[in-house]
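If you count by UniProt numbering, then the sequence shown holds residues 1 to 459, one letter each, in order.
Because the hints were derived from the structure by calculation, they are not lab data. None of these values were measured; they are calculated from a predicted model. Among the hints, a few may not be true.
Derived EDC-like pairs (lysine to aspartate or glutamate); straight-line CA-CA distance at most 20 Å [unchecked claim]: (1) Lys91 - Glu76; (2) Lys90 - Glu115; (3) Lys317 - Glu375; (4) Lys214 - Glu115; (5) Lys220 - Asp311; (6) Lys220 - Asp230; (7) Lys377 - Glu398; (8) Lys91 - Glu34; (9) Lys427 - Glu446; (10) Lys50 - Glu34; (11) Lys83 - Glu54; (12) Lys385 - Glu371; (13) Lys56 - Glu129; (14) Lys249 - Glu265; (15) Lys384 - Asp406; (16) Lys384 - Glu398; (17) Lys90 - Glu34; (18) Lys385 - Glu398; (19) Lys156 - Glu145; (20) Lys114 - Glu129.
Computed beta-carbon distance windows for the label pairs [stated by the list, open to error]: (21) Ala407 - Thr73: 19 to 25 Å; (22) Glu271 - Ala407: 28 to 34 Å; (23) Gly128 - Gly75: 51 to 57 Å.
Think of the CB as a built atom: it goes at the ideal place given N, C-alpha and C, for glycine as much as any other residue.
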Amino acid sequence: MYEIAIYGLGVMGSSLAKNLLNKGFSVALFSKNEEEGRRFVYEALNENWKVFSEEKTLLSSLTSPRIIFLMITAGEPVDIVIKNLSPYLKKGDIIIDGGNSYFKDTSRRTNYLKELGIFYLGIGVSGGEKGALTGPSMMVGGSLEGWEASRYILQKIAAHLQGESCCNYVGPEGAGHYVKMVHNGIEYAILQLIADTYAVMKRGLGLDHEIITKIFSDWKSSQLNSYLIDITASVLSKRDSDGAPLVDKILDVARQKGTGSWTLEEAVAREVYVPTICESVFARYFSANRQLRIEGNQMLTTTVAPMQLEDYNTQLKDTLLAGIICSYAQGIELIQKASIDYGWNIDLVSTVSLWRDGCIIRSQLLQDIVEALMERKQNILLTKKLSYITALEPSWRETITQVQNDALAVPTLISTLSYYDCFHTDKMSVNIVQALRDCFGAHTYERIDKEGYFHTNWE
């Protein structure tokens, strides 16, 4: 008998299965793809497992409570698998969805299976193939009973930092997948901030590739220390067969899988301002219009002033650090608002702590952010812990001034400073917007000196 089943032996499923085996668990594996099964047989290092190709025999091989961990493509395939498993499920069984499912789908499945006595968990798994193998960050949502019954296994295979597992219960229904969705939105933002910073170095300052590589490598020992900065240095160090930097030969068209767009949809629905995340998503969309960009470069001439940053290493480091802080701030505020609107009661300190290791956005900075969250402010930019962002402002502002004068396309760097500026603007210009709306549409407005809603005949 086996303690847990892994349904799906793709890259992530196979890696997670090996993680379980390495931690001493017995694992039933399921795949209808014979090639996947043979590949796992060839690669696996011990024999405490078996591959099944029929749902009935898979479930009959499991100890109670029966735990089935789905590592399959999100969307309709999950519903199909649940339907295929349903004839053989019993009350108290636990189904775990470890894919990038849309959180509303997870909420629907959780509530549907609850009526049948089945516990359903939607888990956001971050860390990629390597993380799944050695220990990912896992954000758990769904059935609390299912979590309690499976937490020992899940927390043991997750990443650990200072003795604490980077796997915990986030909240009911689709809360786990929601947090993972926002995690991915923050990831989009940081990736594009890094890319924009690279553009300033290469196109704005005209630095040699070796110097750029060294700067990113040196930043690994700074407050920017993180997984993404680490792999940026590695990527820049990679050479092609002819000795040229491989990154220079990569087409400048970025792909995406949709979680960034979901984050934007939720930000609009929750009325949360996330410009850095927004610009990072749209930067990928616009990158696909390569021919349009080529034509625009030929036709739209502009006058530029060459960049002159006296201490570019420090100034760019401060600019990037400020941008990353703001990216976390935007994502965390979105989670906080969603928790209120959906009634999930998410503990932000506990949840964000899960990102400190194992996941793609893990960073040294997250310790400061966790401590900032303990101050219980609406936005972490307003905390004492992160008040040092004001010391970054001179470098940050000078950098943005220079890149705009040089006509560099760095959308996340520019939008992030505007986001920060909104926080110290106690009176915004939208009073004009309200007056204009009332003028053409009689939408009414509020006053600062009287209670109520007012309409004026403006013309």
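To see whether the hints hold, each was checked on the structure:
With a C-alpha separation of about 24 Å, the suggested pairing of Lys91 with Glu76 is violated against the 20 Å cut-off. Among the hinted pairs, Lys90 with Glu115 is consistent with the structure: their alpha-carbon atoms are about 12 Å apart, no more than 20 Å. Distance restraint check for Lys317 and Glu375: the Cα-Cα separation of roughly 26 Å exceeds the 20 Å cut-off, and the hinted pair is therefore not satisfied. Distance hint between Lys214 and Glu115 is unfulfilled; the C-alpha atoms sit about 57 Å from each other, more than 20 Å.
For the suggested pair Lys220 and Asp311, the alpha carbons sit about 18 Å apart, so the restraint of at most 20 Å is met. Note on Lys220 and Asp230: the hinted pairing holds, with a Cα-Cα distance of about 6 Å set against a maximum of 20 Å. Distance check on the hinted pair: Lys377 and Glu398 sit about 29 Å apart at the alpha-carbon level, beyond 20 Å; violated. About 31 Å separates the Cα atoms of Lys91 and Glu34, which puts this hinted pair outside 20 Å; it is violated.
For the hint pairing Lys427 with Glu446, the CA-to-CA distance comes to about 14 Å; that is within 20 Å, so the pair holds. A C-alpha spacing of about 13 Å is found between Lys50 and Glu34, which places the hinted pair at or below 20 Å, so the restraint holds. Of the pairs offered as hints, the one joining Lys83 and Glu54 holds, with about 13 Å between alpha carbons and a cut-off of 20 Å not exceeded. Taking the CA atoms of Lys385 and Glu371, the gap is near 7 Å; set against the 20 Å cutoff, the hint holds.
Taken as a hint, the Lys56 and Glu129 pair is broken in the structure, with Cα atoms around 29 Å apart against an allowance of 20 Å. Straight-line distance between C-alpha atoms of Lys249 and Glu265 comes to about 34 Å, which puts the hinted pair past the 20 Å bound. Taken as a hint, the Lys384 and Asp406 pair is broken in the structure, with Cα atoms around 35 Å apart against an allowance of 20 Å. In summary, the hint linking Lys384 to Glu398 is not supported, as the alpha carbons are separated by about 24 Å, beyond the 20 Å threshold.
For the proposed pair Lys90 and Glu34, the alpha carbon gap of about 28 Å is over 20 Å, so the pair is violated. Restraint check: the Cα-Cα separation between Lys385 and Glu398 comes to about 24 Å, which exceeds 20 Å; the hinted pair is violated. Distance hint between Lys156 and Glu145 is fulfilled; the C-alpha atoms sit about 18 Å from each other, no more than 20 Å. At most 20 Å may separate the alpha-carbon atoms for a hinted pair to count; Lys114 and Glu129 exceed this at roughly 31 Å.
As the Cβ distance of Ala407 to Thr73 is approximately 42 Å, the hint placing it in 19 to 25 Å is violated. A beta carbon spacing of about 33 Å between Glu271 and Ala407 agrees with the range 28 to 34 Å that was offered as a hint. Evaluation of the 51 to 57 Å hint for Gly128 and Gly75 yields a failure: the beta carbon distance comes to about 20 Å.
When held up to the earlier numbered hints, the structure conflicts with 1, 3, 4, 7, 8, 13, 14, 15, 16, 17, 18, 20, 21, 23 and fits the remainder.
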